[in-house]
Each structure stands twice: as C-alpha cells, then as structure tokens.
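Given next are the chains, with one letter for each unit.
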Amino acid sequence: MQKRVFFRSWWLPYVLVAPQIAVTLVFFIWPAYQALESSFYLEDAFGFSRNFVGWRNFEELFGDAGYLRSFRTTLIFGLSVTILSMGMALGLAVCANRVIRSSAAYRTLLIWPYAVAPALAGVLWFFMMNPSLGIVAYMLESTFGMDWNHYVNGNQALALVIVAAAWKQVSYNFLFFLAGLQSIPKSLIEAAAIDRAGPVRRFWSIVFPLLSPTTFFLLVVNLVYAFFDTFAIIHATTSGGPADATSILVYKVYSTGFVGQDYGSSAAQSVILMIMVIAMTFFQFRFIDRRVNY
Amino acid sequence: MKITTAVLAATISTLAVSASFAQERVEVQFWHAMGGQLGERVDQFASDFNATQDEFTVVPVYQGDYTDTMTSAIAAFRAGEQPHIVQVFEVGTATMMSAAGNGAIYPVHQLFEDSGLAFDESAYLPAVISYYSDTDGNLLSLPFNSSTPVLWHNITLLEENGLEVPTTWDEVWEAARVLKAAGVPSPVGFGWQSWTQIENYSAWHDIQIGTMSNGFGGLGTELTINNEAVVNHIQQIADAGEEGLFTYGGRRGDSRPMFVNGETAMWINSSAYYGGFVNDIQDFEFSQAPMPYDPDVRAEPQNSVIGGATLWVLQGHEADEYRGAAEFLAFLSTAEQQADWAGSTGYVPITTEAYELMSEQGFFAENPGTDVAIEQLSLNQPTANSAGLRFGNFVQIRDVINEELEAVWSGNKSAQEALDAAVERGNELLRRFEDANG
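Protein sequences, first through last, are from chains A and B.
Going by my numbering, the first sequence opens with residue 1, and the numbers climb by one from there.
Going by my numbering, the second sequence opens with residue 1, and the numbers climb by one from there.
These are computed hints drawn from the structure, not numbers from a lab.
Glycine included, C-beta positions come from ideal geometry on N, C-alpha and C.
One thing to keep in mind: the hints can contain errors.
Claimed, not checked - Over the 12 Å line for every Cβ pair with chain B, so calculated as not near, a few chain A residues: (1) F28; (2) P113; (3) L175; (4) T215; (5) A245.
As the list claims (entries may be wrong) - Chain B side only, calculated, beta carbon under 10 Å to chain A, not exhaustive: (6) V61; (7) N161; (8) G250; (9) N437.
Turn these sequences into a full structure, and let the hints guide you.
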C-alpha cells in the first residue's frame, strides 16, 4: 500500500520543492549546460574571441593517443581505489563491530583520515614514499630490497596515488559499513550460530547479503569519488606523471582548463566525463540494483 | 572561490584604508605568487613603498602558485575585477602578449611614459628584458624575479675525490664516474627539465628552439627541439642513467632533497635556490658554476635564458591609480631594492646599476658563485636563439615535454622518439593557440 499525502492548496508543494529545484538548476544544470556549450567553442584565455568549431574539440581529443590511454588509467585507478577502500573498510568495520572494550576510541581513530583534505592525503603519502626522504620507501628498500622510485616507475606512481586516494576514503566507507552491520538483527546471526554456521559462513550467508544496500550505495559513491574528486591528490603529488602514468581523466580536465587556460578542450573533456558517469550510474542501477536485497 | 575571497579581502582592506586615511590615498592592487619567506619580502616591498610617500597604498595579495595567480587574474579580468598589477611567470608571456593585442594589458614602457616617469630600457640587463619585449624592443612587463639555471655542486664531495668543477658535459660524466665509484648514489641531477635541459641547453649552444625566432616573430611558430644536438644531449643523459650516474628525481624542484642530502653532487637548477640552500645545507660546502656545455656543438657557450616572473599591468582602472602602479614599479627597479632582493634570494638583479651596487657592497666577493647567474645571462649579446622564447600554451607544452622526457628516463622511448613526439604534440598545442588567438 502506498502512502499518499494531500495538500490543500495547489501551490504549496511547488513552493516546498522550489529551493531544491533552484539549487539544482543553479549549481548543476546551469554549469552542465555551460560546459556543453563551451565544448563546441575555441576561446582565448581572456575571452576576447570565441569561435564556434563544431566537433573539433572532441575530434582532437579522440585523435590523441594520450587521451585514450587516460581512459585505461582512469579505469584501473577507479576500480582499484573502490575495491581497496571498500575492502579495507569492510574488514575494519567487521573487526570494530566485535570490539567490546573502548570501541568508541577505535572507531574515532578510524574515522580520522576522513578529515584530511585530499591534497594533504596525497602530499602525506608522497612524502612518506619519497625515494630520498620517505620512511616507507626506506623500509621497502631495507626489508624487501625493493628499489622504490615513483618519479621514474609509472606503475609505482599509480600504486602510490591509488593508496593515497583509497586511504582517504576508507573512513567514510567504514562509517557506513559499521552502521550497516549494527542494523543487522542479532537474532538472525544467533539463529545461524545455533544451526552450527561458523563465523565465515555466517558472514557470507547472512551479514554480507544484508549489507548489500550499504555496499551498493558505497559502490556508487566511491566510483564517483574516484572519477571526480581525486584530482587534488594527483595535482599535489605526481602531476599526472611520470610520462602520463597517473594522468586520469578528471586531472586532465583540470590541467587543460586551469593550467592550460584551454576552456574549449577542458569543457569537451568534462562533457565526456559527464556522459561516462551517467552511463555508469545507469548501468549500476539497471543491473546491480536488481541483486540488492532491501 | 579564491577569487571571491581575494575580492572580499580587497574590499575589506579598501574600507580599512579609506577609513584610516580619509580617502586620501589611492589604492593599487598587487597580486603575486610568492609564498613563505619570499612572500614576506614582497609584503616588505609594499610597506616600504607605502612609507615613502602618502599618495598611494599598494596592497599585496598572495594568490597561490604561479598557475593559480595567473588563472585568478584572468578570471578576475573576465569578471571586471582585475588587479592593477599581477605577477605572471615567464611561460605565461605569450598568453599575456596576445591579451596585450586586445587591449587588456597596459604595456610597462607606455605606463612609465604616460606617468611622466623616466624610463631607460638600456639600464636593464639585455638577456632579462629581451624575454619580455615586443618585436620593436618595447618592454611590456617589468621583470621582477628572474633567475637562470646554474650548476650547483657539492664542493666537499668534489674535493674529496680530487675533482675540479666540470665545465663541459664530458667532464661532468667523467667526474660522475669517479663519484659513483666513491659511492655517491646519483652524482648528476637536475630540476625543471624542459627549462634546464632543453630551453637553456639550446640557448647556451645558440640552437633554435622554435621557428620564427623562438616564437617572437608570430603565432605560426613550430618547435624544433628534435634537432640532432638536443637529441644527442638527452640520449647522453639517458645512457648515463643506465650507467647509474643519473637518477631522475621528479619535475620542478622535486629532486632538491637529493642535492641537500648529498645523493647528488652536481645539480642543474635555478640560481634562486641560493637563499634556501644557505639555510638548509650545513654538512658540506656548495657553490654555483656555469652550466656545462658541449664544445662539439658550439666552441663557446652563448648565454642562458631566464626563468621566473614579471609584473604585468592590467587595463581597466583610473589614471591616478596607474600613476601609483608606475611609481611602485619604479621603486622596485631602484638599485637598493634590487640589490637587497637579489642578495637574499639568489634571483638576479635586473639592472646594471643594481649589479654594480652589489659588487661595490662586496656581496659577490663574500659569497663566491653568486655572480654566476648574472654572468651567464650577460655572457654575450643575446641572439635570436638565445633571447628567450614565446610560445602559446607553453605551460601545457612543458607538461608534454615532461611526459616525453620521463618516457626516456624510464627507458620506454629513445631520445629521438620522445622529442619527435614532443614536437608533434607541442605543435598541435601551438596551432590551437594560434586559432584561438589569431
């Protein structure tokens, strides 16, 4: 049965949703429209000339091998960050959920990294892993004999930014997973225990499926985070290098627009990114959402 | 958001100033990119200037790094909120120049003329102002902080191994082999690789960087950095990397700790590291020497080109405010201010008078090596190849060069392949700039 609410005056519902609509229009629809428009123009930095160039900005992007490689880098980066940060968070949440003494202290400590700005998270890891000064690089060398130099080795650089981006996001995921875990009825788990299901079995058969709404929500949020919000980490650490090993799409949007003052190409790139995220979200809701138990 | 903050700050300071001086003083906004100690020194310039007269108040506003400052100023200009003076780094020159063509810029030579201030271009060092002059030789922006790459070297390490300071690249590699054998992990290094190993290597050997006088002649310029000499030079560094004589330490100044730690004994980068090194290096003696050169390419070095930033004056304000801006720029160019600035930072003094004052004060004699930068810049009268460069979208082109060089250092490309790719990608960016500004 559906709940229905009736308003006496016809205009009241419109007034009530108006602020939300206004915010969406001003902060989302209008900029998105402007990006779409700019992507068909070539413009000088100071805005003196603005020429319509049709699809040229897009054609140049797809004719650029570096831009196409950036898709691959972005995909690896996005998936790794999501899997790493969600996996770690789930593990930590399961542990924190079982801690009985001083659990508040553990939880608070685990939430801390979320307060760190992405750029700072990047710099922090960059410093710890600096080939000359970094403590982690030093330990890798002395313990495993591993020659760490993310200035030269593209895979190491990519690993570095993935770790930094994932570390920052673990706290956020942890909070949601913990809340999700605590809302699972104890009786179900106890019943399973009485049926002689071990902890691992209980987790995979009961806890994990019941967590699926949280997991799904976090999947969407994390992918969006990895695709959109991580440019500060790249900017503060590798600037997309070495070569273009860490040059993800959103960083390219930033550097083309803000560093290069090439607004047309930057707008075209953000339009492509926008389409990607819309497609991704659609895909998730269309295919993964069906397998979620609410 | 930064811009609104700046505008807000500016408004507040306007209110404060107009209240305390009862609207007598005319305010001049000065946006700059000097953080930390340098920023404090810039504030000092402004307050010293404000104390010398009671007509104008210069308000310095720190806007972040060079890129941030330029982006903010351009955005502010588009919104009609531009500052009077903005500090722009050398690679942004082509963008500012094309804005000058559209009347957004108040050329410095004209500003001085309109304000009735004496302005003698011959007082400035040719290698410094040639970078910022139009084709008729008129100065468009005032050089503020200019430096040039030098060979920083660890005297202690060189002496311990019985080595002289190298002057040619062959000597550099020979010395590097000795140092490597003595346990120095990465004897050779450099920062700002496009600037030091391509742009300055070319100027130092009088080799063209791009057609049409390195871009000074017009927007139709094309890069020529895939020439034999530069390719050989880059390949030589890559081979030295294989041999363990050079380890790439990152873009910009990221490899600085390697020199400070003693991992690198010969490091090519800006002379402006001087101020920081004096504070940070206690364990060994260090000094600057002229950049090494290849005698096979050119018998004698030509001159190096500068890096750093200049002050541009933006159009759209009142005449009396511009008089204030002109007075401030004249104040900054005085020998006393220049000598003080250059002495504490390692930037070069931009006028001959300031250089002479520093010599008289005994600064160069007391701090050996500090005159290397200025001697490199004024070694010869700059040629069309060594006067500087002016390419549109050059910030992005430098990133392209960074990417391609990194592919060489990691062994994925040969020097020839990488520089061919850099030229091709760079030329595409030049064509975009030409189409957007033509």
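Taking the hints in turn, this is what the structure says about them:
1. F28: holds (17 Å)
2. P113: About 24 Å separates P113 (chain A) from the closest Cβ of chain B, which puts it past 12 Å; holds.
3. L175: holds (27 Å)
4. T215: Correct as stated: the minimum Cβ-Cβ distance to chain B is 34 Å, above 12 Å.
5. A245: violated (8 Å)
6. V61: violated (19 Å)
7. N161: violated (21 Å)
8. G250: Cβ of G250 (chain B) sits 4 Å from chain A, so the hint holds.
9. N437: Constraint on N437 (chain B) satisfied, holds at 5 Å.
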